[in-house]
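Use the sequences and the hints to build the structure in full.
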Amino acid sequence: TTGTWSNRTMPAPYSGASVYKGVRRLTPEGRLGATSPDVGAGGCTVAISDDHGLTCSRLAMFSPFQAAKQVAYSPTLDVYCVAMGFAAGPFGIAYSDDGGVTWHAATINGVTPATVALQDVVWIPWLGLFVAGGNTLLGLGTAYSSDGINWTFNTGAGSGLALQIAYSDNLIVAAAGTTNNVYVTTDGIAWAAHAVGGAQPYSNIAWNGQVFCATTYATNTETATAPDGVTWTRRQNEPDPNFHGIAARWI
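Heads up: the sequence shown begins at 19 in our numbering, then just goes up one per residue.
Source of the hints: derived by calculation from the structure; they are not laboratory data. Be a bit skeptical, because a hint or two may be false.
[As the list claims (entries may be wrong)] FRET-style restraints, in silico, Cβ to Cβ: (1) Gly128 / Gly215: 37 to 47 Å; (2) Thr45 / Ala208: 21 to 31 Å; (3) Asp116 / Gly216: 19 to 29 Å.
Predicted model, so just to flag it, every value in this text is computed and none were measured. No residue lacks a Cβ here, since even glycine has one placed at the ideal position from N, Cα and C.
In structure tokens, the structure reads:
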């Protein structure tokens, strides 16, 4: 079913040619964040709304940042972090600790700017931890940070390969994007792989307060659900064969 949609004007990206592709709820109170990856050398853009998307303000991310993927915000630290990937660089994480006025390249495994591409980043309130994931030829694995500035990046099968990350009140689940597995952690550091099944790689995941739902990103979309993130049930109820993402709201 569909409801009534209202068009909202977003602030123009600084590059003048990019569009907003990533939107996320950043706080329980309803702060929203969206990212606009640059297509040139003008720098990325982050837009923030504190009224559920009715109005938005623009936070600049000037060059050399050129590949904003997702934004996360810690109300505890008052820090924004943006996952960076798929561009000339720098990769890794861009962070702002002054409300988005200035942005800096975070340090990952002692390297600034980092050379690992990241696709998603979230703030886990019950851990007091930022968790990010990458799934490109430039870096496979997950990263975590308690301050958004200094990060540790894990590689290898045990670390998980995270294209998109969702979390409940005690569990973090990442869709790999390259396999029909998901990766699960309770501490944001040690990950375990769990098979979903099916022939397509699962790239999108969301939590609605009761179950995790994962979808593939390809023709002939497949979906699956799991209340615990571990035991998955494949569904055959997709309304469209070409899903590009999934979102959920919970209270």
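Do the hints match the structure? See the list:
1. Gly128 / Gly215: 37 to 47 Å: Given a distance of about 39 Å, which is inside 37 to 47 Å, the answer is holds.
2. Thr45 / Ala208: 21 to 31 Å: For Ala208 against Thr45, whose Cβ atoms are near 27 Å apart, the range 21 to 31 Å holds.
3. Asp116 / Gly216: 19 to 29 Å: For Gly216 against Asp116, whose Cβ atoms are near 45 Å apart, the range 19 to 29 Å is violated.
Of the numbered hints listed earlier, the single one contradicted by the structure is hint 3.
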